[in-house]
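> When you get a sec, could you build the whole thing from the sequences and use the hints?
Heads up: the protein sequence lines correspond to chains A, B and C, in order. Numbering-wise, the numbering used here puts 452 at position 57 of the first sequence, and it's gapless, one number per residue. Numbering-wise, the numbering used here puts 102 at position 93 of the second sequence, and it's gapless, one number per residue. Numbering-wise, the numbering used here puts 466 at position 374 of the third sequence, and it's gapless, one number per residue.
One should not assume that every hint holds.
Computed cross-link-like contacts, DSS-like style, restricted to lysine-lysine with a CA-CA straight-line distance of at most 30 Å [what the hints assert, rightly or not]: (1) A:K548 with A:K792; (2) C:K185 with C:K532; (3) C:K185 with C:K213; (4) C:K213 with C:K474; (5) B:K139 with A:K711; (6) C:K115 with A:K736; (7) C:K213 with A:K548; (8) A:K711 with B:K111.
Everything labelled a hint here was simulated from the structure, so no lab data went into it. Treat the numbers as computed from the prediction; the structure is a model and nothing was measured.
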Amino acid sequence: MRYLPKSDIERRQMLEALGLGGMEELFAHIPAEIRLSRPLNLPDGVSEMEVLRYFQKRAGENAAGYVSFLGAGVYHHFRPVVIDSLISRGEFYTAYTPYQAEIAQGTLQSIFEFQTMICQLTGMEVANASMYDGSTALPEAVLMAARITGRRKVAVARSVHPEYRQVLDTYTRFQGIQVRELEYDREAGTLAPFTIDDGVAAIVLQSPNFFGIVEDLERAAEMAHAAGALLIVVITEPVSLGLLKPPASADIVAMETQALGMAPSYGGPYAGVIATREKYVRSMPGRLVGQTTDAQGRRGFCLTLATREQHIRREKATSNICTNQALCALMAAIFMTVYGKEGLRELARQNLAKAHYAASRLKLKFSGPFFNEFVVAGGKTRALLDKKILGGLDLRKFYPELGEALLVSVTEVHTRQQIDELVGGLA
Amino acid sequence: MSYPPNYRYTREHEWIRLENDTAAVGITDHAQEQLGDIVYLELPKVGDRFSATQPLGTVESVKAVSDIYSPVTCEVVDVNAELAAHPELLNQDPHGAAWLVKVRLADRAQLDGLLSAEQYEAYIAEEAVKSDK
Amino acid sequence: MKKARPHVNQNEGLIFEHSSPGKRAWQLPPLDVPEVDPAAALGGDHIRESIGGFPEVSEVEVVRHFTRLSTWNYGVDTGLYPLGSCTMKYNPKVNEVVARLEGIAGVHPYQPDALAQGCLKILRLLSGCLLEITGMEAITLQPAAGAHGELTGILLVRAYLESRGNPRRKILIPDSAHGTNPATAAIAGYQVENIRSNALGTVDLDVLRRAVTEEVAALMITNPNTLGIFEENIGAIAEILHARGAQLYMDGANMNALVGMVRPGDAGVDVMHLNLHKTFSTPHGGGGPGAGPVGVKKHLEPFLPVPVLEKGAGGRLRLIHHRPQAIGRVRAFTGNFGVLVRALAYILACGGNGLKAATQDAVLNANYIRKGLEDVYDLPYKQPSLHECVFSDRLQAGHGVRTGDIAKRLIDYGFHPYTVSFPLIVHGALMIEPTESESKEELDLFIEAMREIAREAEQEPQTVLAAPHTTRVGRLDEVTAARRPILRWQEPIAE
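This is the structure in structure tokens:
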């Protein structure tokens with residue numbers, strides 16, 4: 396086995412040092428009746444060439460050569476090549492959680508930069524070192540709001556990503572938290588007028604919402620705050636923040652950062668993040684990196700406020716989360732650094748222009764303002780598939796009330812010609 | 010540090026000091042020493058009520074969190090605001106400036122059930138022997 | 093110091109400190125569609141000012157910045173990383189290559205099943221391999237990490253018991269467990285009852301018998317436990333629980349000690365999670381991403397979270413999103429697929445025999461270290477070790493040197509520290525897990541370093557107490573960091 400660095404001679408030497416005659420003796424204390432007495436029924440190990448061949452073959456069975464206009468929480472953006480080049484450094488990707496700060500300053504400083512850039516992007520005051528993904532960041536944000544307000548009800552817009560809402564149901568069911576749905580306006584696609592009582596811990600709103608429509612966050616914040624509730628803003632397309640006003644009126648932002656440099660990769664890994672106001676930091680789940688100094692006064696970074704976490708507080712922790720998604724957060728940090736202040740704005744402008752170019756010749760379901768994603772009324776994708784185009788997501792499975800409708804995402808990766816073909820197929 | 014003879018103590022390492030019709034509550038020198046550098050406190054609000062042995066707050070060091078238990082049944086009448094900005098006071102002057110809350114007692118007789126300074130010192134000495142084993 | 097030498101260590105500020113207006117690392121193709129006025133399209137009220145504080149740097153600076161940062165890190169690629177319980181084994185390079193193939197990394201999770209058969213075949217093959225390895229009967233690959241797998245597993249227990257009329261109230265957890273176990277039980281709506289370990293460091297059957305009432309939903313056990321000791325009574329433990337209608341949950345964090353030797357499913361385990369980033373070599377990435385698949389016995393299968401993989405007519409694979417008894421969805425989309433790909437690449441490369449050989453080497457290495465150090469460090473539990481060994485700092489504490497100090501000194505010798513102060517049942521614990529990825533030379537150097545530090549602790553404790561001496565920064569002031577947290581960079585206020 397090429398991953399094992401010892402020769403049989405060395406193994407024998409080591410066994411001798413232990414006074415043992417063979418490997419099996421290392422396991423002799425395990426009761427025989429539960430020891431596996433046969434070889435595992437798995438194929439024999441194969442060479443690197445064969446491993447590559449297997450995966451190349453599988454890769455060829457996944458819509459090779461198709462152009463995809465799928466979005467719905469996972470976006471096709473160009474990934475600057477420096478991302479993979481830098482995260483492939485073994486010191487980054489083969490390191491563990493930076494518990495030993497003196498030899499983990501690389502990870503720690505990059506997370507500190509990630510936290511900072513997430514704050515700059517969202518208008519929040521603190522951001523954590525990342526969560527599993529956006530869909531699990533949402534329930535963590537809701538549980539946080541429940542802790543802060545001492546209330547056990549949440550009102551969630553129906554235009555929040557449907558799978559996020561399903562994950563929220565799974566997490567809240569056993570916490571005694573009631574989830575209520577807030578309707579969307581069937582014309583505009585934005586949050587419909589609503590009322591809440593003062594038992595509500597938080598209003599949850601996504602912007603741009605699942606239909607791609609930009610919501611009025613300030614109005615929602617006023618409604619929430621008037622009832623003593625918090626406003627949680629979900630963001631699944633952070634590139635939109637290159638142009639859109641940051642959700643500064645929110646109390647908690649639960650964001651998916653996939654669009655910032657992570658490949659779609661059939662669903663993951665990505666990184667979620669929770670950002671909030673300074674006054675709520677002690678109620679926040681997940682790791683945090685802080686700045687400090689060593690005895691000589693040199694600046695350094697370390698994990699901090701760890702007493703919120705499971706390894707110290709155990710059953711009283713703010714969450715059971717143990718890892719973050721450090722490598723994905725690093726991808727996002729590199730992506731944000733490459734584009735920077737001007738680049739992210741320009742990237743967002745291109746997304747806006749291309750999506751609006753496509754939409755201008757299609758019949759849309761909603762009249763509200765949209766960024767790079769929109770819902771097309773009707774929407775036959777079969778003819779498009781023949782042209783090797785994945786035309787968008789059929790919304791019937793999530794929103795049967797919309798009838799035939801297709802959620803289409805257009806980004807900087809799509810050329811005018813590809814967009815014209817899409818429009819031609821849909822029209 | 011010495012344990013003032015006019016205080017009463019608990020086996021959970023809190024102290025209580027009677028002041029006219031109210032009492033101050035804090036954690037002992039032994040407790041702060043065990044915790045190490047204290048970085049954060051969570052304290053109740055004025056008006057909160059607790060029964061004896063119920064947790065009234067938490068105290069945190071870098072890598073540990075401990076509950077603070079109410080020594081008696083009481084109502085909180087004052088909270089030491091200094092501590093939020095200067096948790097290090099708890100390490101520096103646990104029996105004095107770093108009192109946590111002042112409370113109104115429900116029943117003064119409960120104090121009789123607590124340890125005297127002498128009993129408390131004997132108790133921590135005994136605990137130290139146990140943990141050495 | 094045989095191993096560590098000071099090396100080139102560039103100074104480097106925060107990326108924000110390199111920023112100046114007009115520098116850029118990006119270039120987009122010219123826009124090939126008409127410009128759109130953002131204010132007109134989105135509404136003037138919705139448009140932001142520029143992103144205050146966001147960096148503006150060149151490509152060279154981006155590359156140098158993150159490359160320099162990387163040199164301040166220690167990884168498995170750098171050397172022995174004996175972090176107990178974390179299984180820092182070699183992460184094969186080919187795994188990274190296959191996970192980045194365009195036909196794998198570029199696949200959108202909402203592609204129709206018919207156009208994602210390659211991905212689905214990967215999921216199916218990995219599922220089959222993990223079931224054979226664990227002896228379980230059904231599996232979900234959805235959970236994103238070990239703790240997420242725990243939550244999924246306990247929710248499965250809850251749903252199953254509920255279907256039989258009563259979800260019960262309590263989860264039992266041994267005092268040697270990872271902190272995630274009690275935190276998970278609480279999130280799943282259960283009360284936690286801790287079970288004291290016996291003098292051998294394992295679950296005490298009498299204590300367990302008394303604790304298992306009709307109120308108990310499950311016991312969460314880690315096997316081998318966090319002392320690296322196999323719970324030999326696992327069969328009897330399962331019987332005690334099952335007799336009272338409770339379930340046995342196994343935390344598979346230490347499964348790398350068992351692959352090819354013991355299958356938890358054969359030992360009465362009802363539900364377990366695996367950490368693919370430990371046992372199956374997917375990189376830890378500085379703290380994630382990982383993946384935490386959950387294996388179950390048949391009776392829990394109807395409750396698995398959606399989506400569930402099925403073989404349809406004509407051998408076509410498809411994802412089922414609606415199942416009446418499912419606990420729901422634990423994560424959007426299809427799990428941390430890129431991590432699953434890497435784990436499968438590892439399993440294919442190793443094969444059944446290679447996986448077993450890896451287990452044996454991991455256990456051999458841990459025992460070799462134990463043997464090499466047991467005369468200079470206190471070994472509180474003498475039971476046979478599997479993949480890790482746990483010492484205490486009792487002998488060094490007399491000189492004022494604690495486990496955290498020894499760990500820092502190890503850095504000067506060119507090694508990553510072991511796990512400090514865990515498990516909690518060992519006072520001043522040194523938890524050492526070498527994994528199978530270490531050569532005899534590297535192990536001998538480690539043993540020599542640890543012995544040298546034991547000598548230093550006795551003869552020159554100040555050297556150990558002030559360690560590390562070779563790193564870019566010394567021990568950091570964690571107290572001030574926690575008292576007055578600085579959690580982001582802020583632009584200095586202009587004069």
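> Are any of the numbered hints broken by this structure? If so, which, sorted upward?
Violated hints: 4, 7; rest satisfied.
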